Amino acid sequence: MPVCNRHESFGTETLPPSNTDVIQGTLDMLILKTLSLQPLHGYGIARRIEQVSREVFRVNPGSLLTALKRLERAGLLASSWKQTENGRRAKYYALTPAGGRRLEHETEEWYRRSAAVGRLLGAEG
Amino acid sequence: MSLWRHIRLGLRGLMHHAEVAEKIDEEVRHYLDQAEAELVASGTSPEEARRTVRLRYGDGLAAREEVGSYGWENLVVSVWTDVRLAGRRLVRDPGFSVIAVLTLGLGIGATTAIVSAVRPVLFDALPYLNANRIVVVADRSEDGTPVPVTFGTYLEVRSRSGSFDELAAYKPWQPTLTWAQDAERLEGQRVGAEYFGVLGATPFLGAGFDPEADRPGGPDLVILSHRLWALRFGSDPTIVGRTVRLDGTAFTVTGVMGPNFENATAPLATVWSLLQYEPVPASFDSREWGHHLQMFGRLKAGLGLDEAYSRIEAVAANPAPDFVRPVWASLKAGLSIRSLRESATRDARPTMLVLLGAASLLLGIACVNLTILLLARGARRQGEIAMRMALGASRSRLARYLLTESLVLAALGAGVGVIVAQPALAGLLAVSPPSLAQTDTVGLDVGALLVAVVLPTLISVIFGLGPVVVRAGRTPLRGIQSTHRGSIRGTLSARRALVVTEVAFAAVLLVGAGLLLRSTQRLFAIEPGFDATGVVVLQVSTTALGRGDDVVHRFYREALEAVRDVPGVRAAGVTSQLPLSGDVDMYGLTLHEPGRALGGDGSAYRYAVTPGYLDVMGVELMQGRHLDRRDDDAASRAAVVSESLARRLFPYDDPIGSRLQFGAAIDRPYTVVGVVEDVKQESLGAVEAEAVYVPSDQWHWADRVRWIVVQANGDTEALVPSIREAIRRVDPNQPVVRVQSMTDLVARSETQRRFVSTVLAAFAMSALLLAGVGLFGVLSGSVTERAREIGVRGALGASRTDIVALVIRNGISITGLGLVVGLGAAAAATEALSTLLFDVSRLDPLTYLGVFAILSAVALVACWVPATRAARLDPASTLRAS
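Sequence order for the protein chains is H and G.
Here the first sequence is numbered in my numbering, starting from 85 and rising by one per residue.
Here the second sequence is numbered in my numbering, starting from 746 and rising by one per residue.
By construction, these hints were calculated from the structure, which means they are not laboratory data.
Remember, predicted model here, so these are calculated numbers, not experimental data.
The hints are all genuine.
Pairs of lysine-lysine, BS3-like flavour, derived with a Cα cap of 30 Å:
#1 G:K1045 to G:K916
#2 H:K117 to H:K166
#3 G:K768 to H:K117
#4 G:K768 to H:K166
#5 G:K916 to G:K1077
#6 H:K175 to G:K768
#7 G:K1045 to G:K1077
#8 H:K175 to H:K117
The following residues of chain G were derived to be distant from chain H, with all beta-carbon distances above 10 Å:
#9 S1055
#10 L1189
#11 V1482
Note that the Cβ used here is the ideal one computed from N, Cα and C, for glycine as well.
Chain H with its partners taken away, still in its complex shape (with noise of 0.2 Å):
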């Protein structure tokens, strides 16, 4: 399953040298790690992984909401239609009590492994 495959429209010439797509599965931690935070719709969940990466993290929209979907179903998250600021519709996610531990767990993995790298690296140096 593809989390994010890059797109022949997206130009990348465009972007600034260091932007990057989110690397091969670390897309469905960020969204469970943003929706820890508050409830937010899809493009709110794209902008706050951008901005808290400093840019760093481009999200593309169809990797994004496949990615919700499929955690939806996995039964991490939930879904619903809400009114927003500018009264128009959108699709809430939240985290549920299952995508909870599954953040908790994904995160200690996360430091467990890029700890290891870092020691790797740091041994090389």
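Following the hints, put chain G in place on chain H, whose structure we already have.
Same frame as chain H, but now just chain G:
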């Protein structure tokens, strides 16, 4: 539960497809609008914002597609689309599709039905604990064939062989069950107390037989089958200890067998009682020394069949002083020992194997035919496939496209197969003789169905994918170019080879069917020795009548008179044994001369008859006189013998006036007063015809089961109800067991052979049809593919006759090769048929010639259409087309 959520949400996606798509659309639009609105809020002009967003995220179409395609339901949707596409394509080529589907369906259905019918007999173990340890022991006649044992032999083997945990003797028993004002004859067995122990079965209600009761004069005990208990006694749970009336005697029910108990020695038995024979060796003229028992036993654990065999042979070969044997049970020829399984399926086995072989051939032909069709189609579609690849279809996409088509084809074929299998099985069971299949235990065999479905599915997948595989490594351009050239020659010659196989298979089936048909024909051309036209027979059982012979004689006398008084009846008679009815009643003979050993003059069928029986049956008198009213109880004993017996006993003398004795009877002999023609007793094919007819009044006991044979002036069968009523008026408690026309009985006496020949004939016709279709397909394909060559020939001056001859030569060479292979294979394969053939060699030249002619004729017909089409091809237009 996450799986449940997946299913639920997926189903919603399937059912509310439009609504779900709409929601996705809205979500994506909202996303893009938000992005735009944010840019506008930060000061960009609306046009600029729209442009930037479109540049970054596209117009949302790709995103919608991506989100929409997530979830299992989308696989369903796309497969369904493929299936519909495949279905449309199959509909567009109806000739191909219909033939392929019907071919498959026929093959699958027939194979499944046959395997379902034969598997229980051929392959399944008997349903007993350690069933392989149960063996049947029989005496041997001088020519080595197994014959029933005497009780004396049973006692000797039981005490001397040391090979059995349990050994039991048994014999058939057909008691009459009476209740209220009604009577019914049952199928049952008289068995030794050890009988159920040998089978390792215990009753489901009550208990087994008490060994103490198994002696002369012991209590009358009975065990019921589950079916009889349910049918006649309303599944009464308190039946144990109650009595039922069998043959006029009160029997105490001691047990009821379970619903799953199968009685392999007599599948139809519903009631068992004890033999109650003398448990110590008895005098030679007692029933204990009659050859009328079967015996089987459970071998001791660890004792092999060979070991047991040699121990039993040793007993037979070394008489012991404690067990004196009479001359007719001397065990001189040894004893026969077989597994129960083999013994129970021996008669049916050859038939089953033939049917199984035939079904496999038919499925084989169906598969070959399918392969041919798929190859031909693949060849025709090379251009299409190449074009699709040139237009950018990936190989995997094309493979899926062709695979779906193959699977749809296979699924349709399997569907037809399942539809065909059930009625085919029902029909098979309906026409099969009861010895071949236990109707109530046979169901459709799911395993066989699976194999029969999977095999052609695999074939259709492999050969359906052929075109993609063939294309591997070729550029689409070459594929398109080669379409009208000779590149398809490869598959064409493969198809030719397949048609050769098909013709060969068909030839084998046709030869088999032909040989059996000729056997049946020969059998029914045989003179049975009687004229059965317009004769109706009724079997009446008087086993429930009181004690003593007088009541029995009186009943049959009165019944016969009552039947003769029925208006329209021309003549009627009574016999103890009826030809071709399954009755076998033979007695040892002794010429009444000094110094003759008892039973030393061979044995003959014994018929205890009333005067008039031979007349009704139209048995012709050759010499002397028929039995008549003079030969009553008081007169001196008279007998009529059959021609073959007279010839053997009195080759040079006049048989009339000579005297005969039966069995161990030492009393007054019978004087031969007449000779009649030979009558077929056991089967039309039997050679044994030595018979003696004696007046039933003079026989030294009264037979309790007899046949009344009736002939009317007009239609006898119309009189059956009044005849039945006449017998009922004499005594309502004596059941009329069987009613049949004699012609029917003759026809049914050969059911097994007739059944196999019918099935084989049906298969052979299907095979012929399929082979014809295959040949037609290949030739007509080759005409299409060689249109250019034929065009060139035409242009170079070949006449229409030349072109017709070209195609027909092609067809004949394929058929000829198939015929040579097939007739050769048939000569070897018909070995399996040899036991079913009668008076026809398995190499019967007429049959082989006939098959040759039929297949050639079909081949010519199959060639004709493509040949004339080739002849009509216009050289100019075919050349221009390429």
